[in-house]
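Go ahead and model the full structure; you've got the sequences and the hints to work with.
Going line by line, the protein sequences match chains A and B.
Take the first sequence: its letter number 54 is residue 54 in our numbering, and every next letter is one higher.
Take the second sequence: its letter number 109 is residue 225 in our numbering, and every next letter is one higher.
Treat the hints with care, as some may be off.
Below, computed lysine-lysine pairings styled on DSS-like, alpha-carbon distance capped at 27 angstroms [unchecked claim]: (1) A:Lys108 x B:Lys171; (2) B:Lys173 x A:Lys5; (3) B:Lys169 x B:Lys187.
Source of the hints: derived by calculation from the structure; they are not laboratory data.
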Amino acid sequence: DQQVKQNSPSLSVQEGRISILNCDYTNSMFDYFLWYKKYPAEGPTFLISISSIKDKNEDGRFTVFLNKSAKHLSLHIVPSQPGDSAVYFCAATSSPYGGSQGNLIFGKGTKLSVKP
Amino acid sequence: DVKVTQSSRYLVKRTGEKVFLECVQDMDHENMFWYRQDPGLGLRLIYFSYDVKMKEKGDIPEGYSVSREKKERFSLILESASTNQTSMYLCASSLGANSNQPQHFGDGTRLSIL
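Written as structure tokens, this is what we have:
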């Protein structure tokens, strides 16, 4: 049973517009969430994270929103740039030490294409 | 910057061979991880280690073992390679407990078992 779901395998957005990537989870014990970006032939790169005690975390063009009651989080990229084209993975953990150790459960990823 | 280096980008082996995948990190991280990534399945954790000579099973440890003799090096071993182990293998590392720092990944080893 998938504990972390990214239901959209792909998303296409025009340059300059907002990209919204969604992620749902089923395990109510998850208390720390991360987004990773992956380019072809490279390893995933950490993008942004959020603790369950918050509902929003912002870092430049990237904002993650967490809705605990709905067990849903989303990543907003504003404005989107062609260099943002990559696969984005949502990950979650119930480790007391956040994303550092313990078992990160990953979604299957969403491929974002930002068109010039 | 954290550097996680995987010894091979591409590897081709035969069924039944014993295969070693090596990973080295240069940031004195306590924790190291091995994942595999398959189309449509995302990343799945095979094994991880919190310290030298310590190892823990992840979600899919069957057919694999690991070795952590030194802090900076974490090896994944396919005892007798099979075709269903053809995959992209990703190594990651992170600081120890109480750090709340994310895992940093290497660029992966694409392994083909013929």
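Now for the hints, and whether the structure bears them out:
1. A:Lys108 x B:Lys171: holds (26 angstroms)
2. B:Lys173 x A:Lys5: holds (23 angstroms)
3. B:Lys169 x B:Lys187: holds (9 angstroms)
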